[in-house]
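Participant: Sequences and hints are given; from them, build the entire structure.
Protein chains: 2
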Amino acid sequence: MKNMKDVWILRIGHRPERDQRVTTHVGLTGRALGAGGMYLASDDKGVKKSIEDVAGRWGGDFKVENNVSWKKVIRDWKEAGGKVVHLTMYGISVTDAMPEIQECEKVLVVVGAEKVPGDMYGLADYNVSVTTQPHSEISSLAIFMDHLFEGKTLDLDFEGAEIKVIPTECGKRFES
Amino acid sequence: MKNMKDVWILRIGHRPERDQRVTTHVGLTGRALGAGGMYLASDDKGVKKSIEDVAGRWGGDFKVENNVSWKKVIRDWKEAGGKVVHLTMYGISVTDAMPEIQECEKVLVVVGAEKVPGDMYGLADYNVSVTTQPHSEISSLAIFMDHLFEGKTLDLDFEGAEIKVIPTECGKRFES
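Heads up: the sequence lines are chains A and B, in that order. Under UniProt numbering, the first residue of the first sequence is numbered 1, with each subsequent residue one higher. Under UniProt numbering, the first residue of the second sequence is numbered 1, with each subsequent residue one higher.
Some hints here could point you the wrong way.
[As the list claims (entries may be wrong)] Derived lysine-lysine pairs resembling DSBU-like cross-links, with alpha carbons at most 35 Å apart:
1) A/LYS72 to A/LYS48
2) B/LYS152 to B/LYS48
3) A/LYS115 to B/LYS164
4) B/LYS71 to A/LYS172
5) B/LYS172 to A/LYS71
6) A/LYS164 to B/LYS71
7) B/LYS49 to A/LYS115
It should be emphasised that the hints constitute simulated quantities derived from the structure, not laboratory data. A quick note: this is a predicted structure, and the numbers were derived from the prediction, not measured.
Facilitator: If you want it as C-alpha cells, here you go:
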C-alpha cells in the first residue's frame, strides 16, 4: 500500500469497560482510509487483537500499539518532524485547516473519547472540527481522512488480503 | 435549515441491548450532516430520547421515529418518489454511484448493523460501498453524507440552538 503521507491515529480517553466497540471502529476506519496504525493510550489488549485480526484477514500491515503514554507519543511524533491534529468539535473547521495540514507528510490524528484532558488543546498543532455539532469521533475521523487524502484512499488495495470484496450492484461477491 | 435534498436515515438491525451507542452516533452523524431524521426499525425509546435531547439543545428539528417497520418505510419512501440507498461494503463504490444519486431530491439512507436481511439488497435502488473494507457504519454514513452534499453541510446552522460552538484554534468557546 503506497500512501503519500504517514498518518497514525492516537486514541486517548479510551475506557476498556465501555469504549471497546467505538475504539475498534476508530481503528478500522483509520485503517480503511489509509492510516498506518493506531496508538492506544489505554491498556486494552482485546481492542488491539480485534483490530489486528481484521487487518490480518483483509490485508495491509495496520498495527495497534497498546498502552502507550499519549504525551510521549506526541513528543516523539513532533521530534520526528510530524504534526499533531486533534479532532475536536471546538476547533477550526476542517475545510479551513486542511490546506495547511495537507502540506505535512507525517500526521498524527488524535481522537478523544468523551472527556479530553485540557492540555491536549495546547499540545496539538491543529485543533480541527468536523462540523461544530456533537456527533461521533468515528465520523469526524472518517471525514478528516477522506479530506486529507482527497478521496484517494476510498479504494485502497491491501496487500496480502485473504479476502477481498468485488463491488456489485446487488448481493455479495468475494474473492478469497 | 435549508437543504436542497430531503434525506432521512433508516437504521435496521439495531439490537437494544448492545447497539445503543453506535445507533446514537449514526443518528447524530445524520443530523450533523443534513439529514432530517432517522427511522429506527427497532423499539428503543432510549436512543430516540438521547438523540432528540441533543437535537433540542443544539437546534434544528431532527426527529427519530421509533419502532418502524423497515419494509413499510422503504415502500412509502419509494411511493413518494424517493430513492433508497443501502450502505454496504459489498456495493458499488460511493464515487461511482454518487453522480446518479445526486440527481435524487429525496434519499433514504439505509444503515445496517452487523447482520442485514438478504432482501435488503434487492429492495435498495443503490447498494453503495464506502471502501470495500470492514470499518464502521458510522464512518460510511459520514462519508456518504459529505459526498452527497459536496461538503456543504459541514457548516450547517441549526435554528433555535440553545448552545453554539465558536470555532477556535485552541480551547473551547461557546455561545449560549
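Participant: Compare the structure with each hint and give your call.
Facilitator: Taking the hints in turn, this is what the structure says about them:
no.	hint	result
1	A/LYS72 to A/LYS48	holds, 19 Å
2	B/LYS152 to B/LYS48	holds, 26 Å
3	A/LYS115 to B/LYS164	holds, 19 Å
4	B/LYS71 to A/LYS172	holds, 20 Å
5	B/LYS172 to A/LYS71	holds, 20 Å
6	A/LYS164 to B/LYS71	holds, 30 Å
7	B/LYS49 to A/LYS115	holds, 22 Å
This entry satisfies every hint, going by the numbered hints stated previously.
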